[in-house]
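With the hints as a guide, bring both chains together as one complex.
Protein sequence lines correspond, in order, to chains A and B.
My numbering applies: residue 1 is where the first sequence begins, and numbers increase by one.
My numbering applies: residue 1001 is where the second sequence begins, and numbers increase by one.
All the given hints hold, so there is nothing to weed out.
Keeping only pairs whose Cα atoms sit at most 27 Å apart, straight-line, the calculated DSSO-like set for lysine-lysine is:
| # | chain 1 | residue 1 | chain 2 | residue 2 |
| --- | --- | --- | --- | --- |
| 1 | A | K45 | B | K1140 |
| 2 | B | K1140 | A | K47 |
| 3 | A | K122 | B | K1084 |
| 4 | B | K1141 | A | K122 |
| 5 | A | K122 | B | K1079 |
| 6 | A | K122 | B | K1140 |
| 7 | A | K47 | B | K1141 |
| 8 | A | K288 | B | K1079 |
| 9 | A | K288 | A | K122 |
| 10 | A | K47 | A | K122 |
| 11 | A | K45 | A | K288 |
| 12 | A | K288 | B | K1084 |
| 13 | A | K45 | A | K122 |
| 14 | A | K288 | B | K1140 |
| 15 | A | K45 | B | K1141 |
Have a look at the derived ranges for each label pair, beta carbon to beta carbon:
| # | chain 1 | residue 1 | chain 2 | residue 2 | range |
| --- | --- | --- | --- | --- | --- |
| 16 | A | A205 | B | E1127 | 42 to 48 Å |
| 17 | A | R118 | B | R1218 | 33 to 39 Å |
| 18 | B | R1014 | A | T265 | 52 to 58 Å |
| 19 | A | R235 | B | F1020 | 46 to 52 Å |
| 20 | A | F71 | B | G1171 | 52 to 58 Å |
| 21 | A | N286 | B | E1202 | 37 to 43 Å |
| 22 | B | D1209 | A | F283 | 35 to 41 Å |
| 23 | A | Q52 | B | G1021 | 30 to 36 Å |
| 24 | A | F283 | B | R1014 | 24 to 30 Å |
| 25 | A | L280 | B | N1045 | 33 to 39 Å |
| 26 | B | S1114 | A | E255 | 43 to 49 Å |
| 27 | A | F71 | B | N1045 | 54 to 60 Å |
| 28 | A | R201 | B | G1294 | 52 to 58 Å |
Just so you know, these hints were derived from the structure itself, not from any lab.
Ideal placement from N, C-alpha and C gives every residue a C-beta, glycine not left out.
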Amino acid sequence: MSAQTTHQASQARTIRGVLLNDDQRPTPSGAASASLTYGWRALLKIKHIPEQLFDVTIFPIMMTVMMTYVFGGAIGETMAGTGDSSAAVDAYVQFLIPGVFAQTLVMITMYTGLTLNRDISKGVFDRFRSLPTWRPAQLVGALLGDQVRYTIAGVIILAVGFIMGFRPDGGLTGVLGAFLLLLVFSFCLSWVWTTVALLMRTEQAAMGVSMFIMMPLTFVSNIFADPQTMPGPVRAFAEVNPVSNVVGAIRELMEGTVDAGSITTVLIYCAVLVAIFGPLSMFIYNRKS
Amino acid sequence: MRTAPTTEPAVVTRGLVKRFGDNTAVDGIDLTIPRGGIYGVLGPNGAGKTTAIRMLATLLRPDAGEAEVLGHNVLAEPKAIRSKIALTGQFASLDEDLTGIENLVLLGRLQGFSGPAARRRGADLLEAFGLSDAAGRQVKKYSGGMRRRLDIAGSLLVTPEMIFLDEPTTGIDPRSRNQVWDIIRTLVDGGTTVLLTTQYLEEADQLADRLAVIDHGRVIAEGTPGQLKAQVGSGALKVRVVDPAEREQAAEILATTLGGGVVREADPTALTVSLQEQARTSDGLAALEQAGIGVETFAFGQPSLDEVFLALTGKPAEAEPSDEDTEEPDPAAAAAGDHTGAGR
Ligand SMILES: Nc1ncnc2c1ncn2[C@@H]1O[C@H](COP(=O)(O)OP(=O)(O)O)[C@@H](O)[C@H]1O
Ligand SMILES: [Mg+2]
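Pulled out of the complex, with its shape left as it was, chain B reads as follows (with noise of 0.2 Å):
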């Protein structure tokens, strides 16, 4: 049954669940992951993410629930599983103290390399990855977007059949970031499965052939980038008045003239509005001018992932998991829910 390869999924869960104490981290994920291609998951801070890929990983045992990596358990064929993946973790998954070269050997040693092999098999990684010059520095003394390219070169002395890569552009210049990126499309065209987590829906939009968006430790959505923005609206309108005092008044009109959800922004000047169709942004400019309020910024924008929680949850994302869900959505969210509801 292990024959057919390709026609197996990479990764199958059911059900998986982990507790820290009462915290559920990891709260019933149901996932299938195909393989080849990159599959994205997509969630704010504390979602549930690490935790997640550290279960695939087999780091973390799950409490409930399982899960299989290239058709085996994680549970009963952990070093099976071990031996087919890599993992880049969230945070930098090198050792700080050691050199960028010797970082390279000691894992190429441990995946059976012997000290020459592994030194020149380290020694031409880091010429690939731009990285020779920095080679006899710790790795302490790189930069974010240094450091992210080596672990991910720490990840590929043996090419694995699949990589787990956690937030692997979280806080690296946009330049790095663009490298990185690079990088993830060369390793899917060779063939390798990646399970990339971000908490940037421009990034999952960029890379991903299939997206999971969780929140609090479940998927709320699933599906191909497109599916999933035609879901949230097209894109978001941001706006910013010139006097807070008119903001309320501007929120009305914009919520009447295009249909969207409005989220009154923690700066008092700004909104920013959902849209299901671009077009009529105009509609909207042109209201807000007869209304004689004056506009600062009217700008339209791919949709954060602020607001795909808002047009999936009917609630902006929150950073960490507060007490359970209430069922009192506060004003701006059910304005959301209702406008999105008559634009349909």
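Bound-form chain A, shown alone (with noise of 0.2 Å):
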């Protein structure tokens, strides 16, 4: 009895002593510093569950090489303007490979919401909410830390491209500044999957939704076809759709035909996408239950 009594004093002495006082409190970290570490947060996550890898590795060799080989000769045909499939293939390599790569991105981002959905609802989070820090923070570093999956897959679908024989005019300026835009593209874009997470209850639902967005924005684009090829109000969707213009972006960088107006025309939108759906998500992550 008395030994288990000097134990708990032991015990309770050890914890007044690791307790800080009022004067060693430090000031909360700010909003970059918070931010920076959630996104640490999500590269530990990474490490500990390297299986979460799947979608931006497999996924994007298995978009490449199928995109490629199935469309090639027939697309290719015409641009190359031979029957010969190889020549055909080679072509719309050229045409298809930055497609490819801003499709792939894109959709990926679509994990980052379906991701919130399932992180949210632990308990982790409600303690990260009751934290002096600046709120947006918990949103704004996943989605940092998703840039690092982003950048694996864009580097395995260039990687995958050039094996192919993508060769951009570009050179490597040309396609690191797209790859840039292209980032900067899916860290804006991403808020749209971030209000839909928050908003729906179920992942399912939230894929359900996300799916549904993201079918038109990435098809009825200049991914893979002109759209000088298609009927008016489809014309007019995936000129005014900001995959096109992304898209659009991406190629001039990477044929080293840099356009400055093009180029702004993604940052209108990147602005206009974040200036949205930044704020609606925030107002949604406040008043969750």
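Below is the structure:
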């Protein structure tokens, strides 16, 4: 009994010993540092659960190879102006890789929302929300962590494309510029999925709604075919579609025919997406029960 | 007016309400929680404890009423509140995929420690909570007791003025429970105000300086554990008869000789008698023997939550709110009401 009491007393002393006094309390981290810390959490998750990289490794390889060889012969034939199928595929590779690059990354952004939907229902988010940090940091950090996933996917697509004969005229600078622009666009577009994920109760529902938005966004665009060949209303949508604009700018960057106008257009789309869906996400997030 | 922090209460709520659809989870709670010490909120599953705590911790917006925590209104100054409180949720507020140390470093950095300082702080806390050996293990591989300790450690990177502990010992083994109790007592000695929810009267009795009993989102009793127990009776007698056929007769005999409410348990041989005075329990046993009823168990215990509810509301605690309070008490509850009245 007395041995137990002494043990308890010593444990109490140990615990009291690690408690900080009021004057040792640091100032809570600022917006940027909190966002980076949450981004670090996302990276730790990748480290502990590497399986979650499946969608950013296998999927892009599959898309690139599949799209090139399925459509390459047919569409490339008219492009190359020859019946020789290998020349046709080669011509199409130059056209398609920037598009598949953009499409795959854009599609992967959807998983950001789905992961968030699952994550937010866990107890740890209650603790995050009870901290005196800038609240959007919890979402911004998740999106920053996803940049790593997007980068992995992008590198894989470009590598596979290179193996299949993709030789952009814009060279390394053009490719890096295009990559950077696409990462910025993906970050901004992700706010659409966080809004959807926060609105929907279940992951399945979030998936359904996200797909419903994603399909027209990626297919009714200039990724696979020139909008000029599409009927009126479809063409009109394809032309204003932010994805078409980003794909257009990326092709130009990779071809080395950079046009400040089209980059500005993409950045305006980015700003509009964040300006609408950022505050909307936070509004829903703060009121979520 | 905020210059006298020791005299002003830690929490004041007036008519606090939260609804989820047409389910009113918190239904007009008025509470005043003094600074320092441990305040217990006792109630069955679904009573509204978690919902109330989440409103106080600025995670949920009240639908009506007001709440002030440490001198700040929950709607007007949530950030000021967040900088002074810590929350340990009912379901571990930890990232299960991360290791113990990673969880603490994450929380430390968010609260403003630099990387190395957060790692030192995390290691110190793990050491003090006896978790150093598990520092590099993912939290999902922790036992319930370890998880609880880590969870509380996560609330102590900086010392909060007030800590919310939502059912800190539910589902953990007795040894871990005693450890958690010791930790909580230590925190109070350091000057932190603790608000703790529990489903166990024993826990509230052991720890709390004051407590509120809540049911269906309402406060049905408030006071010190001593006051509450005086209201509830000093304890309960657990009786099991050998032959279920004789239970009814035993119930009547006990009700007359002991003057307490008698509850027929789900087990057809078991009865629980709430007592006003402990001294007369032997009369009950004698009376049963006289009637020739075979008794298997005849034991005295602290009142359970069910018995507290029986005494306070005249009906047993329900796990989930049913369709509104019907004014027809069941026979056992009616008997309890009668005898409690007669006993006074
Ligand atoms: N996020 C939520 N959405 C809908 N209903 C909820 C939610 N949280 C709690 N409830 C409901 O509110 C009531 C009170 O729940 P809770 O506060 O968790 O009780 P306790 O913590 O006392 O067990 C229950 O009926 C529960 O089903
Ligand atoms: Mg609860």
